[in-house]
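Could you build the full structure based on these sequences and the hints that come with them?
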Amino acid sequence: MKVVWEEIEMYSEEYLNVMDFTEKVMSLVIKSKVKEGVVNIFNPHVTCAICVNEDDPDLWQDLLEAYQKIAPVKGNYHHNAKYRGMSREQNAHAHILNTLIGSAVNLPIRQGKLTLGTWQSVLFVELDGGKHRRILVQIMGEE
Amino acid sequence: MKVVWEEIEMYSEEYLNVMDFTEKVMSLVIKSKVKEGVVNIFNPHVTCAICVNEDDPDLWQDLLEAYQKIAPVKGNYHHNAKYRGMSREQNAHAHILNTLIGSAVNLPIRQGKLTLGTWQSVLFVELDGGKHRRILVQIMGEE
Amino acid sequence: MKVVWEEIEMYSEEYLNVMDFTEKVMSLVIKSKVKEGVVNIFNPHVTCAICVNEDDPDLWQDLLEAYQKIAPVKGNYHHNAKYRGMSREQNAHAHILNTLIGSAVNLPIRQGKLTLGTWQSVLFVELDGGKHRRILVQIMGEE
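Protein chains in written order, with the working numbering: chain A, 1 to 143; chain B, 1 to 143; chain C, 1 to 143.
Keep in mind the hints are simulated off the structure, nothing from the lab. Some hints here could point you the wrong way.
The list makes no distinction among identical chains, and a pair is therefore deemed to hold if it is satisfied within one copy or across any two copies.
[To be verified] Calculated cross-link-like contacts (lysine to aspartate or glutamate; reagent style DMTMM-like; alpha-carbon spacing at most 20 Å):
#  : residue 1 : residue 2
1  : K24       : D58
2  : K82       : E65
3  : K74       : D58
4  : K2        : E142
5  : K113      : E7
6  : K33       : E142
7  : K82       : D58
8  : K69       : E36
9  : K69       : E142
10 : K82       : D55
11 : K31       : E89
12 : K35       : D58
13 : K35       : E142
14 : K69       : E7
15 : K2        : E36
16 : K113      : E23
17 : K2        : E143
So, in structure tokens, the structure goes:
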């Protein structure tokens, strides 16, 4: 089994944002020459998340509004209270949503390509923006 | 490492539904002859989801009611407004819930069998029913 | 590909609890001698969950409070009504949250170590405590 490591850098100036990075993942899978296997897209951060859904900015606004209903930015959080005065640590909402949306996605690779469905894109969900992010891409399988 | 591909077809007439498809997954794992490895049950759709939980229709009603509290079918969504008049596209609730419940589950295979716990079943969660669905089953490991 | 199986036992007297078990996972990865691969931390139970986030007890209280907003312990559930009088089965909230937080995490192993980010810990989320839990750890990859 071959194991290939890559990284994808993401940056959002917007505090809450959804960004499509499917093409970057696709090109890394092709570059790896892995033909049958899996790509583990692993987010080593705790205040952003990764998921798979449609490439539609209207929908992305719906996602962010729904996430805000679950865990509003301006909520009353113990984590934020402990770090009162530290503007970069007022982010309990983002931690909570990371645990619900998830840290990683495992996408199958078949005949050298991602098996994404017609409406599927790989989405980066920034919940605590203005930070430089580094997404780990682990490609495993047979050549 | 052996990689075997299978598909499972799902169809729910009900708009919101939970269906247990554990036995189909189990029989595909046995058929694959993979003894030690993993089965990646990957949903290529964006308005239904897959999870692992109990085979209890009363609980399934609780799941759907809880999901409806998070993202009601009759909510006020940008995605739905854009596609106003297209009844098949009034499904932002389903997209939102897909990102929270998840697109895929990775189940370990040990001695040729799924390692599911006593109360675990593999569940298909339809959130935008009346559509034919095709679940991808990727079985990887050693014979 | 080498496949190694381990188990981690967890027990929380508290009914709702978050516990960090990163060090146990790390030591099992080192013991396995797998250098490049993945560890699938699989929860065979349906009323607790696993996620990756920060080692901060204040944040953990925020997590549990947010989860309670989604699915309160004292909610009105079909599952609980069916098992009325059985105190150990009044746990629909825990089933619901298991489907949202997730049953398993897949962590990459690189050069014999977990690739966790600076603020990432592996967290066990007990949602129906007072039960003995057994977490399955499947380590796969190349030596």
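So, going through the hints one by one against the coordinates:
| no. | hint | in the structure |
| --- | --- | --- |
| 1 | K24 with D58 | neither (22 Å within a copy, 36 Å between copies) |
| 2 | K82 with E65 | between (26 Å within a copy, 16 Å between copies) |
| 3 | K74 with D58 | between (23 Å within a copy, 17 Å between copies) |
| 4 | K2 with E142 | both (6 Å within a copy, 9 Å between copies) |
| 5 | K113 with E7 | both (18 Å within a copy, 17 Å between copies) |
| 6 | K33 with E142 | both (9 Å within a copy, 18 Å between copies) |
| 7 | K82 with D58 | between (35 Å within a copy, 8 Å between copies) |
| 8 | K69 with E36 | neither (40 Å within a copy, 40 Å between copies) |
| 9 | K69 with E142 | neither (43 Å within a copy, 44 Å between copies) |
| 10 | K82 with D55 | between (37 Å within a copy, 14 Å between copies) |
| 11 | K31 with E89 | neither (38 Å within a copy, 36 Å between copies) |
| 12 | K35 with D58 | neither (35 Å within a copy, 43 Å between copies) |
| 13 | K35 with E142 | both (6 Å within a copy, 17 Å between copies) |
| 14 | K69 with E7 | neither (32 Å within a copy, 36 Å between copies) |
| 15 | K2 with E36 | both (10 Å within a copy, 9 Å between copies) |
| 16 | K113 with E23 | within (11 Å within a copy, 29 Å between copies) |
| 17 | K2 with E143 | both (7 Å within a copy, 12 Å between copies) |
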